[in-house]
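J.: These protein sequence lines are chains A and B, in that order. Just so we're aligned, residue 1 is where the first sequence starts under this note's numbering, counting upward by one. Just so we're aligned, residue 1001 is where the second sequence starts under this note's numbering, counting upward by one.
Rather than coming from a laboratory, the hints here were simulated on the basis of the structure. Bear in mind the structure is a predicted one, so any value in this text is a computation, not a measurement. Glycine included, each C-beta is placed from N, C-alpha and C at the ideal position. Treat the hints with care, as some may be off.
[Unchecked claim] Each computed DSS-like pair below joins lysine-lysine, with the alpha-carbon atoms no more than 30 Å apart:
1) B:Lys-1006 / A:Lys-94
2) A:Lys-25 / B:Lys-1231
3) B:Lys-1148 / A:Lys-25
4) A:Lys-49 / A:Lys-94
5) A:Lys-120 / B:Lys-1141
6) B:Lys-1190 / A:Lys-120
7) B:Lys-1207 / B:Lys-1045
8) A:Lys-25 / B:Lys-1030
[Unchecked claim] If you want the footprint, here are the derived chain A segments under chain B, 3+ residues with CB under 8 Å:
9) 17-24
10) 45-55
11) 73-87
Single-letter residue listing:
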Amino acid sequence: MKIILIIIFILILFFLQIGILPQLKIFGAWPNLILISILALSILQGWKKTLPWIIVGGLFIDFYSLDNILGISVVALLVISYLAYFLSQNTFKKTTFSSLILIFLIAIFVYNILLIFFFKIFNIGPDWSFLTFIIGIIYNLILALPIFYLIKKLCLT
Amino acid sequence: MRKISKKYLIIVIVLIVGLIFLNFIPGLVKKMNNIIFKIFSPIEKLFFRVGDKVIGFFEIVLSIKDLNRENTLLEGKNLELETEIIRLKEIERENQILREGLNISQRNQLNLEFASVVGKDIEGSQDWILINKGSDDGLKKDMAVISKEFVLAGKTIEVMPDFSKVILITNRESIVAALIEGERSQGLVKKEKRGKLFMDFIPRNEKLEIGERIITSGMDKIYPEGILIGKIETIDLSQNQLFQRITISPAVDFSKLEEVFVIRQ
Chain A
1 MKIILIIIFI
11 LILFFLQIGI
21 LPQLKIFGAW
31 PNLILISILA
41 LSILQGWKKT
51 LPWIIVGGLF
61 IDFYSLDNIL
71 GISVVALLVI
81 SYLAYFLSQN
91 TFKKTTFSSL
101 ILIFLIAIFV
111 YNILLIFFFK
121 IFNIGPDWSF
131 LTFIIGIIYN
141 LILALPIFYL
151 IKKLCLT
Chain B
1001 MRKISKKYLI
1011 IVIVLIVGLI
1021 FLNFIPGLVK
1031 KMNNIIFKIF
1041 SPIEKLFFRV
1051 GDKVIGFFEI
1061 VLSIKDLNRE
1071 NTLLEGKNLE
1081 LETEIIRLKE
1091 IERENQILRE
1101 GLNISQRNQL
1111 NLEFASVVGK
1121 DIEGSQDWIL
1131 INKGSDDGLK
1141 KDMAVISKEF
1151 VLAGKTIEVM
1161 PDFSKVILIT
1171 NRESIVAALI
1181 EGERSQGLVK
1191 KEKRGKLFMD
1201 FIPRNEKLEI
1211 GERIITSGMD
1221 KIYPEGILIG
1231 KIETIDLSQN
1241 QLFQRITISP
1251 AVDFSKLEEV
1261 FVIRQ
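Starting from the given sequences, assemble the full structure and let the hints guide the process.
T.: Shown next, in the form of structure tokens:
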């Protein structure tokens, strides 16, 4: 039951991501629901159990990118999934509001840095601006906690 | 700190190496992409349409301060009904566009292929789209794509059997050979910041006016001659003593592109 609910939830997130969220663009940035939900799952159930979602979510992002280099998003998601899990288990052991915000902030920041790094290496991807980068992080942070608690509820159902 | 077990380390390494390996098999990623798009594009298109309606709905609500609750409910109801009849409207609209396209095609002696936008960039600057026509429909790489109003949208960059990726003229890789309609001065139109375009190295002695139309020149052998690109928005004379630079406002709203025509050479 739990796994079916999570599958349905993730599928809805996928379609919201590709269908609706690009229209909610602010200064070129919009939320990445796949990233947020993978971070939430990593904090709640560990990076190992999140691995299938990292592969599916990462490949989904890679297939829907212009240059189609498979693996870029999977690797980036894998790194931040482990990072979020590590921080939640070691540095911020208590799941408080501020600790969650910090974990999401660090992980989203690292994810964006990794993507910029890969884009520069392969000379692909969109043009990045500092403003878009910062707004993107804030935008994702605003949605991170509601999604975290929603997934938490689904995981405990 | 807990160590990563050997088993998971092997899984991760195999996964990464496997994915890197897949990128080197010629045509495989393209085939996989085609399958993925085939499965998801109908649902994705539906989400696009619903998204448009939802955004439009919120725009109305936000723009009218004294909208009463009854009106909101009626709008909501209307939204639901509109979603229900999307399919019927789509068919009607496609017919209309095809009729228009046929007229354009006859008028300009162009071989046009009608296509629907079924996907958009989800992580970048929204400067490419996915259309539901591919090599099985006779499409090839570097074919010009225009809107239903006969305005330049972009060109095909990757063609799969049933789908094609189209980079818009606002993409950083896009270069269009163009000319200013009045003065006939030629140049290259490239991406400027914030969804605008620019053209530079225009001789300073050319007298340009804001609002003048920029059209394709056909010199690049990709975009046929005479397709509208946009209008001059600003003229910058400060570049140097010999040339001037203009920014161009594209004539098409790329965020609202739903149907396009591909020009088959």
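J.: Are the hints correct? Go through all of them and say.
T.: Hint check:
1. B:Lys-1006 / A:Lys-94: OK: Lys-1006 of chain B and Lys-94 of chain A at ~28 Å, within 30 Å.
2. A:Lys-25 / B:Lys-1231: Measuring from Cα to Cα gives roughly 25 Å; hence the hint holds.
3. B:Lys-1148 / A:Lys-25: This hinted pair holds, its Cα atoms lying about 25 Å apart.
4. A:Lys-49 / A:Lys-94: Holds: Lys-49 of chain A and Lys-94 of chain A sit about 21 Å apart, inside 30 Å.
5. A:Lys-120 / B:Lys-1141: holds, 25 Å
6. B:Lys-1190 / A:Lys-120: holds, 21 Å
7. B:Lys-1207 / B:Lys-1045: Violated, because 45 Å separates the two Cα atoms, which is more than 30 Å.
8. A:Lys-25 / B:Lys-1030: holds, 29 Å
9. 17-24: holds (count 8)
10. 45-55: The restraint on the stretch 45-55 of chain A holds, since 3 of its residues have a Cβ under 8 Å from chain B and three suffice.
11. 73-87: holds (count 5)
Hint 7 from the earlier list is the only one contradicted by this structure; the remaining hints agree with it.
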